[in-house]
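Peer 1: Chain by chain, the residues run as shown.
There are 2 protein chains.
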Amino acid sequence: MKIVVLKFGGTSVGTIDKIKNVANIISNYLKKKYKVIVVSSAMSGVTNELINKSKKISESFSDAEYDVLVSSGEQVACSLIAGRLIHKGYKSRSWMSWQVPIITKGPHKNSRIDLINKSKMLKYLKDGGTPIITGFQGISDENRVTTIGRGGSDASAIIIAKFFKAQRCVIYTDVEGVFTTDPNKLNKAKKIKVISYEEMLEMASLGAKVMQPVSIQDARLNRIDIEVKSSFNKKPGTLITKRSNIINNKIVTGISSTHNDSKVTLIGVRDKPGVAASIFKPLSKNSINVDMVVQNISANGKETDLTFTIKTEDLNKTKKIIESNRSIKFRKLILKKNVSKISVIGVGMITTPGVTFRMFQTLANKKINIQVISTSEIKISVLIDKRDTKKALIALHKEFKLDNKK
Amino acid sequence: MKIVVLKFGGTSVGTIDKIKNVANIISNYLKKKYKVIVVSSAMSGVTNELINKSKKISESFSDAEYDVLVSSGEQVACSLIAGRLIHKGYKSRSWMSWQVPIITKGPHKNSRIDLINKSKMLKYLKDGGTPIITGFQGISDENRVTTIGRGGSDASAIIIAKFFKAQRCVIYTDVEGVFTTDPNKLNKAKKIKVISYEEMLEMASLGAKVMQPVSIQDARLNRIDIEVKSSFNKKPGTLITKRSNIINNKIVTGISSTHNDSKVTLIGVRDKPGVAASIFKPLSKNSINVDMVVQNISANGKETDLTFTIKTEDLNKTKKIIESNRSIKFRKLILKKNVSKISVIGVGMITTPGVTFRMFQTLANKKINIQVISTSEIKISVLIDKRDTKKALIALHKEFKLDNKK
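Those sequence lines, one after another, are chains U and S.
Using our numbering, the letters of the first sequence correspond one by one to residues 1 to 406.
Using our numbering, the letters of the second sequence correspond one by one to residues 1 to 406.
Worth flagging that the hints you see were computed from the coordinates, not collected in a lab.
Do not take every clue at face value.
Since the list gives no way to pick out one identical chain from another, each pair is judged satisfied if it fits inside one copy or across any two copies.
No farther apart than 20 Å at their CA atoms in a straight line, the calculated lysine to aspartate or glutamate pairs in the EDC-like style are these [what the hints assert, rightly or not]:
1. K391 <-> D403
2. K120 <-> D141
3. K191 <-> E227
4. K123 <-> D141
5. K88 <-> D141
None of the values given here were measured: they were computed from a predicted structure.
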């Protein structure tokens, strides 16, 4: 069977007209003789409305009942989509997680899909039916409704694609795909036609909010091609696939930037094993997300300087934690707001020398000072002054030939 | 176990504050050491909102998907009630029909509960839990969600009370109980403390909209005491029970009246077997509800006069159907709008002669003309001019000593 999984996000099913449109999209695949499995989120706004109700009932609303409550949203969306397909003359029906069933492990509000019992669904597909499955949820071993913590309906769609050996998983959303950089920040940003899982992971974790990293990672591990596209127009989206499927790799696929970062430097830290752990453990305990970490080589073998970045909203909390941390010794604490991280990402840079040099030269030409550097196999990140972000973005986007020529 | 089933209607769970109030009502029973099974409707307005969505998707929206759609309403209400009880420190959880499970027979949108698997629920009750069950729904043999056609959540509650051998089923609603007559029509109407199933059936089918006849009949067949009361105050409600539980029966328990009726008379109908069926079959097929039917004794053995009442809104349709009905012969068709049916109801009249006389005399004293008479074991109904309804109601209510002495 030529199976395709189509996942529709909340904005794609946000109104009755949009649900009708979704039914049209589905029927286009059916006309092409695909077997289609649909996964839907709740209509946009519904989940938040339900969560607000739960908060009014109790500030510490039961996790198990939270799952029962919010899972009703997908149920409504799926019945409406199925109803519309039936109206159009197709064989379709909604499938709730307990009907498939989709078995999850882990605690309420934060489960993950462990197993999908395929037999009933496969029979239904063979009989010419189009199942509309509730995303974002499953049932536990105790037969109770659970919701998926990270990745939500995207994660559902990708795991379903894996279990049913789908040819492709199409994520329909309200953006047209993945761009070389945030189109809101740079109008020359260009839609990426094809991107590797690894690049997408770097893009996603750096703030390209198209999909959550956990879902991309699931797709990567299971070798499922993902297509991200808009449900509001027919333009082609972005294909996320394995590297070997990508011909004509660009050296750099995309550039991401952060804003609202702060830099923390500890001068004269005693250079001995375990010191970094002593610094970062209490930060982690307080849910402070540490990003770039750079430690300079110790000049005298006894002391070193340690720099890391955090979100600016965590700055005061971080300062307090470090100053009250009696297990570390340092001479001076320097805090600096208003820094930005610019990253160039691309699997092509593995085989292409000189990307680092070109990046630094481009910034130098614009007289932009690099404060911290951090690199991985497919990514180079630099920390610069926030005021220089736009200038850097424009220059690098042009240097690596990403500009949209409209 | 001392089990009580508490059923809350849509208005009783219509807002967050009302749900909190419902949790308080439940906890009062728990404090009295009852094992409580709760059955809830959807928050008022929600079901209609969902139905409107389905109509916008398709004018002939799939029955099976309709059931999936609207059943989400009870799911939301139940999770919120359970969440509030947990917040208050009780062991509670929502149970959806598929979790119990509650098995139904019959078509979608119009199923009836066939079987309840009690084992899991009994264990939960014994472990000190308070289950909050979604009313109005179940699952079919095919593991699909169904909804109950007639009686809705009331029917669910009564069948659950039957299966769990509950001591009582309390129907919480937005009225204080059953009254001797409609309090909106007569301010001297008095709340009835106790009423037999049979009387309640006559009251219900005559327009006392507290409960649907099908649910009362279920309770009667299974000998389940029902208490109808308001969730908005602590006043005692009305107990619906078997006759033998009622001491000091009043002769007349209540008086009901209809409005908006019309009278149809066929003069000179050929008096032969099957003629009534020929008249009523096409009316029934067209969903026209025929109420009182009176056939006079044939004067000459060949012809008879037949009178029946219908809702005035069906009058034109009825006229057309009868006039185009070639299988019946009659000399004249007389249609009369603006008639009212007044019924006095009471099991006491079985053993008390003279109720009929007292009723007719009371109306005669007020110069109210009786157009048609129809009686049953516990009910006497008369058809009068609509203009006389209020006058008749006042006089009869006083005659049978039902007036509230406030």
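Peer 1: Going back to the hint list, which numbers does this structure go against?
Peer 2: 5
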